[in-house]
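Trainee: If you want the building blocks of each chain, they are given just below.
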Amino acid sequence: MPDPQDRQPFDLTRRQVLEAGTIVSLTGTMLPAAALAQPAGPRPSPENGMTVPLSFHLSFRVNGRPTALDVDARTSLLDLLRERLGLVGAKKGCDHGQCGACTVHLDGRRVASCLTMAAKANGRDVTTIEGIAGANGLHPMQQAFIDHDALQCGYCTPGQIMAAIACVKEGHASTPEQIKEYMSGNICRCGAYVGIVAAIEQAAPRIERS
Amino acid sequence: MTPNRNADRPRIDAHEKVLGRALYAADQPFPGLLHAMTVPATIAKGRVLSIDTAAALQVPGVVRVFTHDDFSQIRTTPAARGAYGQPGKGYQPMTAPQVRHRGEPVALVVAETLEAAVEGAEAVTVRYAEDPFSARMDDDLASPEPDAVSPLASGDAEAAFASAVHTIDVEYRHPQQHHNPIELISTTAAFEDGTLRIYEGTQSAAAFAGGLAGMMGMEPQALRGVSPYTGGGFGQKNGVQEQSVLVASAALLLRRPVKLVVPRGQLFHTASYRPHSRHRVRLAADGDGRLLAGIYETVQQNSRYDGFASDHGATPPRMYGYGAWRGRERIVRVDTQTPGHQRAPYEHPASHATECALDELAGALGMDPVALRLANDTQRDPITGKPFSSRHLADCLRRGAALFGWDRRTNQPGALVAENGDRIGLGVACGSYKAAMTPSVTTLRLSAGGQCRIATSGHEMGQGIRSVIAAELIDVLGVDPDKLDIRIGDTGHAPQHLTAGSWGAGSAAPAARAAALKLREELSQLTEAALSDEPVPVQLARTRRPYLEVSVDTVPLGKDRQAIEQLRRGMPVTTGPEYPDFLAFSWIAHFAEVHVEPSTGRVRVRRVVSVADCGRVMNRRTAESQVRGGVVWGIGAALREVAECDPRFGGVLNNDLAEYVVPVNADIGAIDVDFIDEPDSRLNPSGVKGLGEVAMVGAAAAIVNAVHNATGKRIRHLPIRIEDLL
Amino acid sequence: MKPLSYVQVRTAREAIEAFVAAGESARYIAGGTNLYDLMKLGIEKPAHLIDIADLDGANRIDTDGDRLFFGGAALMADVAEHPVVRDDYPVLAESLSKAASQQLRNMATVGGNLLQRTRCPYFRNGANGAYPCNKREPGSGCAAIGGMDRSQAVLGASAACNAVSPGDWPVALMAMDAAIELQGLDGPRVIPIAELYRPPSRTPHLEFTIGREEIVTGISVPKTAAGRTSTYLKVRDRESYAFALVSAAVALEMDGDRVRQAHVALGGVATVPWRARPAEALLRGETLDRERALEAARAAFAEARAGRHNAFKIELGARTLADAIINAGSKSR
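Protein chains in written order, with this note's numbering: chain A, 4 to 213; chain B, 20 to 745; chain C, 112 to 444.
Just so you know, these hints were derived from the structure itself, not from any lab. A portion of the hints provided could be inaccurate.
[Said to hold, decoys possible] Within a straight-line C-alpha distance of at most 25 Å, the following computed SDA-like cross-link-like pairs (lysine to any residue) qualify:
| no. | chain 1 | residue 1 | chain 2 | residue 2 |
| --- | --- | --- | --- | --- |
| 1 | C | Lys442 | C | Arg371 |
| 2 | C | Lys113 | A | Ser177 |
| 3 | C | Lys156 | B | Lys502 |
| 4 | C | Lys442 | A | Ser177 |
| 5 | B | Lys732 | C | Ala422 |
| 6 | C | Lys113 | A | Leu72 |
| 7 | C | Lys156 | B | Ala74 |
| 8 | B | Lys502 | B | Pro29 |
Turn these sequences into a full structure, and let the hints steer you where they fit.
Mentor: Here you go:
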C-alpha cells in the first residue's frame, strides 16, 4: 500500500484552483467588494438566493438610511449588519453579550447587537461605527482615541467608541472612576484601558449629553 | 544616519481602526460565500462510532456535512497544530474517527447562511466509544516524561546550596490560562486570481500558504495567506489552527468560498493556551545578599501528541550574577489539546516563581528587595561569561523606585494603611526577554508624489509593527505618514516570517531602515550628489523620475544568506539570545501598589510603575501602550485568570468571557511607564530590542510580592483570589 | 437554533392570545439578554417568540403613590437612573447598576430579569450532552455536586441541584418585600416576590411558580424610610461586569441609633434569592457595631452547607453582609 503521505489528498493543481475560482466568479450572486469602500449605510444582499424558512419583514433605519428586508427571524442584529448589510465595523468577540465588541446604538442607546434579535430593530434607528464620523472628519471620540492611543489591535475599538459616546451622552463620564465602571462592558484584551479613560475625558466636553 | 530617539506620533493605522474600516479576516466579503460551523466532540478521548448527518442535511440551506471520511487524506506535517515544526508531532482532528481531546471538531457543516450552518451543526448526532483519560497533570493517567537537565548550568549549585547559611526552597504553581484575543479565530477560504486565499487573523501568514499547502498536498504557489490586521494574537495565532485546513479543504471540495468563525466556547478547546506548570525554586545567599546558587526545576503540562517543550529555565539564570546554577525540566502528558506560547510563555511563569522566591529571600535576609536585586546586578551572563549587548536593569530599578516612591515601603507586612482601612502593599519584580531577530525580504517604492509603499515581513496584531516600520521610513526619508502604504501579513506581497517572540520590531525596523537607506543611496547615485536634509520625495521629484524602487534582504546578526532561503520556504529562522560576541535581552522593572480590603480580601492594583530597557524606543506613544498592556496581562494572570477543569469530563468548564474573567476597565488603576531609551547599536542598525513580551515579565510577581507586603500572606499559586486572603 | 416565528404585540391580552395559539413551543421574549443567549447555547428551544418588550405602557415607572411601580418592560438602566430610586432606594438602584454592563441594562427589562436562569456552567455548557444536569434534563443527574463547585450555592441546595440564582435585582426586591404583578389567562394577580421562586428540591427544572402563559406586568415596592438607609454590596471575581460570588441587600428601619427592623437578603450564595430572616431577628433592637453586624451575618449562614470548593462563600458571605449592614447603618446618620 502506498504511503498516504505521498499522495495528493485533493488531486488539485494550480490549474484546477484557477478553474474553481472561475466557477465562483461566474455564479457569485453577492455584492462587489468595491461596495465596501462606502463609508456608511447598508447594502442588503440576498442570503445566497436561499429561501429563509421563517422570515420577518424588517423595516428600520441604519445610520440614517431607511432599510427594509426580509430576515431570518433567528438572526442577531450583529449578524444582520455584518453578513447581510456589509457593515462589518461592529465585531463578534463572544456572541453572548460578554465582551462589548458588537456595541451599536439602538434609538441612541448602546446595546450588545449580538444579543439583540435583528427583528427587534423593527421601526427603530441603528447607528454603527460607520455612521458617526461627520462628512468633514472624525467624531471627537474617534480623534480622542487616536490622540491617547486608546487602542492596539483595534478589534474591540468600534465597540469601545460606540460605548464611549453613549457613556458621555448618558452622563456617566464625570469622573475617571465612573468612566471605568461604565466602560467595563467593553473588554480590551490588549489592555488599552488607561488610554480609553483618557480619551473619554478628552472628548466628553465636546459631546452633548442627551 | 543616527536613529531619531524622540518619535512620539499617532499609531499609523489608528485612523482606519477608529473608523471601523480596518478589515479583519472575518470582515472580508465574497460573492457566494458559504458559512461553516463545527460540531465539537463531547467526550475527552475515544473513538467516533458513527455520525448521523441525515437530520443536518435536511436543514434548509445546508450544503454539505463533512466528516473524517472526507478529510482522511489530510497530512499531519510540521505545520499541523501542536507540531511546532516537528514532523510526526501535532494533531489534525477529523482525519480519523477518533477523539483526542474534548471539544475537537468531529464534523463540519457548510450552509448558505450562518443560521443554517449553526442549526445543521446542532442536528448532527455522533456516537462515541469513550476511553479512559487524564485531563490534568495531577491525574492518575497523566504521563510524566523523564526529566531533561538544562544545558544552562554553572558551578556546583547543589554544594553551594547545601553549605549556604541563607536559603529558600519553595514551589510556585501557575494555572492553565487562555489568551482570549477579542478577535475570534476564524478561517475564510476564497478563490482569487487563480489562488486559494486563506484569510485568517494570524501571526504567521506563511503557515497559510506553505503550511496548509503541505497538509493538503498542494503546490505552495496555489495558496496565499492574508492577514493585514490581526485582532490580537498573544501567541494563540502562531500558526495553522485545528479548523484551518478543514475550511480550506471544504472550499476546494465545494468550489465556493467558505467562512468559519469559531465560537468562543469552542476556542477554549481547540486553540492553544498557557499550560499548567509547577516551579520549585531553591536560592542560596550569603549574609550580604550575594546569590551563591540557584536551582530551578519545573514541571509543565503538555498534550499527548505535541512538540511543545518546556523552556522555563532559559532566562532566570541570566537575571542576576548567580554563583552557581542548575536547572531541570519535565513535561507531563495529558489528554488535552496542545498548549502553546502565550505572551511571555516561559518567562512570565518563570519570573512569577523566581522573582517571588527572591522576594522571600529578601525577607529572610531582612534586606530591601530592590537592594537585593541591585547587589546581584551583572553585566555578564553567568552561564557563558559573555557580556550583554546592553543591560540597564539597575537603572530601571533605580528610576522606577524613584517614580514609584519605593522609600515608603518597609519589610514589615501591613505597615501601610489607607484612609479607608485597606492594607497597602508595595512590591517589586524584574523581568527579561531575549532580543531576537528574523530575516526579511523588503521592497520599497517611493513615488515623486510622496507615496511610499513598502512590502515586508511582519504581522500587525496591535503591537504596532506598522508604526515601527513607519518610524524608520519617516526618520530616513522624511515621508508623510499619511502617504505610507505598509503591506505586511500577506504572502502575496513579501515572504512572511512568524511574528512572535518580541522579534517584530528588531526585524522589521532594521529591514525598513536598510531599504530606506538603500533608496537614499540610489537616489544619491542618480543625482550624483549627496542628498540634502529636505524630504527625500522632494529630491526625487526633481529627478523627474516617477518613482524609485529598491529591494533589500536583511539577514540578522549571526546568520548568513541561507536565512533568506529558509524564509522564502516559510521556515522559521530566529536568533538570540546568544550572539557571537554577546547575549542580548530586553529588561524591565515593575513596581506595584496594591490595596487589600481587610474584610473581603479583595485586591485592587492601584498603581504600577514600569521602567523598561528595550533599546531604542521607536514610538513613545505605542511603546507606552504596549507596556501598559503587558501590565494589564500581569494583573489578569496574578489576580483573575484560571481555566477550571473538571477531571471527570476534561475540557474547560468556564469557557466564556463571563466566567473566564479577564481584566475589565474598572480593574485597572494608574500604569506609569518610562524607558531607558538607549539604542542597542551592537544588535542592529535600528538599535531596537523587543518590548511586547518583556512588558509582562515580572508584572505578576510584583503584584504577588505587593500582596505579601500588604497582608503577610505568601500565596504561591495563581491567580490569587478572594478565598486565598480571607 | 431552529427556525422560529417572531411577532411583536402591543397588549398583554394580545400576547396571551398569541401564546395560547402558538402552543407548547411558545415563549415570551422581552430584552432577550437571557433567553436569546440560552437559545444560542441550545438550552432554550422556542419555535414561536412573542415579543412583549413594547406592550403599551409596560415600561412605566411610577413613584407617586404609596408604592414604587415598575412596569415589567421598564429597562434596567432606566430604573437604575430614576431619580427617586437612585436617591431614596439605593439598594434597588445599586442592584441594577452593578448588574451586567450598561449595554445589557439598556436591553434587559426589570420583569424579565426576575426570570433569569442560573449561570451554573454544567447547565449552560451541556446542551450537546457534555454534562448531566437535572435542571436542563430532568433525571440526568447533577455534575456540579461533587464537581467544580466554587460558584455553586451554599444555601437552599438539594441533592438534585445546587445551582445559584444569579440575579441582583431580585435579591434587592426580596429585601424590600416587593410584589409581582402578573397577567394570565384568568386575568391579573399579585404575588409576593418570595412566592415567585421554587427551591430546587427534587424538581430543579421547575424554577418559577408562575404559569407559562403568564406575563410579569409590573413590580411594586412599598415605600419605606428604610429605602434611604439601604445598600447593595456585591463581591465578585473582578471589579465590574461579573456575577456575584456573594451579594447582600440590606435596608434598615432605624429608631435613632437602634435598628427597629432590618430587611436582609443574599445573592450569589443560594439557589433562590435568599431572605435572611435569622440575621434580621438578631439585628432587631440593636445598636450597630461591627461585632453585632458580624454576629447577625453569621446567623444568616447558620444553615449553609459547603461543597468541595465553595466553603469560602460562607465566611465571605458573612463578612460581606456585615459590611453591608454597617454601610447601610452609616446612612442613617
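Trainee: For every hint, state whether the structure bears it out.
Mentor: Evaluation of the provided hints:
1. Lys442(C) - Arg371(C): 15 Å, holds
2. Lys113(C) - Ser177(A): Violated - the C-alpha atoms of Ser177(A) and Lys113(C) are around 45 Å apart, more than 25 Å.
3. Lys156(C) - Lys502(B): 53 Å, violated
4. Lys442(C) - Ser177(A): 24 Å, holds
5. Lys732(B) - Ala422(C): 20 Å, holds
6. Lys113(C) - Leu72(A): 20 Å, holds
7. Lys156(C) - Ala74(B): 17 Å, holds
8. Lys502(B) - Pro29(B): Given that 25 Å is the threshold and the Cα spacing comes to 14 Å, the pair holds.
The structure fails hints 2 and 3 (numbered hints given earlier, in ascending order).
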